[in-house]
Amino acid sequence: MFEIVKARAETLRSTRSRVEALLGSLLHGADGVSIDAVAGKLGMGRHTLFRKLRADGVTFRQVLDTLRHKLATTYPTARKSA
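Position in the sequence shown counted from 1, then plus 13, gives you our numbering.
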């Protein structure tokens, strides 16, 4: 039963939040992240991901840039405390 509820909760999350979660893990270990790679990991095509993000009011580039900005502003703080 838990697995069913967990799977349903995952589908209810916005596409943007799913992309942000995936990018968060990918950005730490990769030089470049493409919309094709992210779409594949989410089990959808590039155009489907583009349309779903547009429905959320953002583009892939905006999500990626916002996440990179957050990482860049928190990185110096994290380095000092380490």
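In case anyone wonders, no lab produced these hints; they're calculated from the structure.
Bear in mind the structure is a predicted one, so any value in this text is a computation, not a measurement.
Yeah, the Cβ is synthetic: ideal placement off N, Cα and C, and Gly gets one too.
A portion of the hints provided could be inaccurate.
Estimated spans, in silico, between C-beta atoms of each pair [claimed, not checked]:
id : residue 1 : residue 2 : range
1  : G53       : R26       : 15 to 25 Å
2  : D69       : D49       : 16 to 26 Å
3  : T72       : R26       : 26 to 36 Å
4  : T86       : H60       : 11 to 21 Å
5  : T86       : G58       : 16 to 26 Å
6  : T86       : T61       : 26 to 36 Å
7  : H60       : T87       : 31 to 41 Å
8  : A34       : R59       : 17 to 27 Å
9  : G37       : M57       : 31 to 41 Å
10 : S30       : R59       : 13 to 23 Å
11 : S38       : T86       : 13 to 23 Å
Think about it this way: if two alpha-carbon atoms lie no more than 25 Å apart in a straight line, the pair counts; the simulated BS3-like pairs of lysine-lysine are [what the hints assert, rightly or not]:
id : residue 1 : residue 2
12 : K65       : K83
13 : K54       : K83
14 : K54       : K65
Results of checking the hints against the structure:
For the pair G53 and R26, the beta carbons lie near 18 Å from each other, so the given range of 15 to 25 Å is met. In this structure the supplied range 16 to 26 Å holds for D69 paired with D49, their Cβ-Cβ distance being about 19 Å. Hint check: T72 to R26, Cβ distance near 19 Å, so the stated range 26 to 36 Å is violated. T86 and H60 have their C-beta atoms about 32 Å apart, which leaves the hinted 11 to 21 Å range violated.
Distance hint check: the CB atoms of T86 and G58 are about 33 Å apart, inconsistent with the given range 16 to 26 Å. Distance hint for T86 and T61: a CB-CB separation of about 31 Å, consistent with the stated range 26 to 36 Å. Distance hint check for H60 and T87: the Cβ-Cβ separation is about 33 Å, which falls inside the suggested range of 31 to 41 Å. Checked against the hint of 17 to 27 Å, the C-beta distance between A34 and R59 comes to roughly 19 Å, which is consistent with it.
Here the CB-CB span from G37 to M57 is close to 19 Å, at odds with the stated 31 to 41 Å. Between S30 and R59 the Cβ separation comes to about 19 Å, which falls inside the hinted range of 13 to 23 Å. Between S38 and T86 the Cβ separation comes to about 19 Å, which falls inside the hinted range of 13 to 23 Å. The straight-line distance between the Cα atoms of K65 and K83 is roughly 23 Å, inside the 25 Å bound, and the hint therefore holds.
A hinted pair counts as satisfied when its Cα atoms are at most 25 Å apart, and K54 with K83 qualifies at roughly 22 Å. Proximity of K54 to K65 is assessed by CA-CA distance (about 15 Å); at most 25 Å being required, the pair is judged to hold.
In summary, the structure is inconsistent with hints 3, 4, 5, 9 from the numbered list given earlier, while agreeing with the others.
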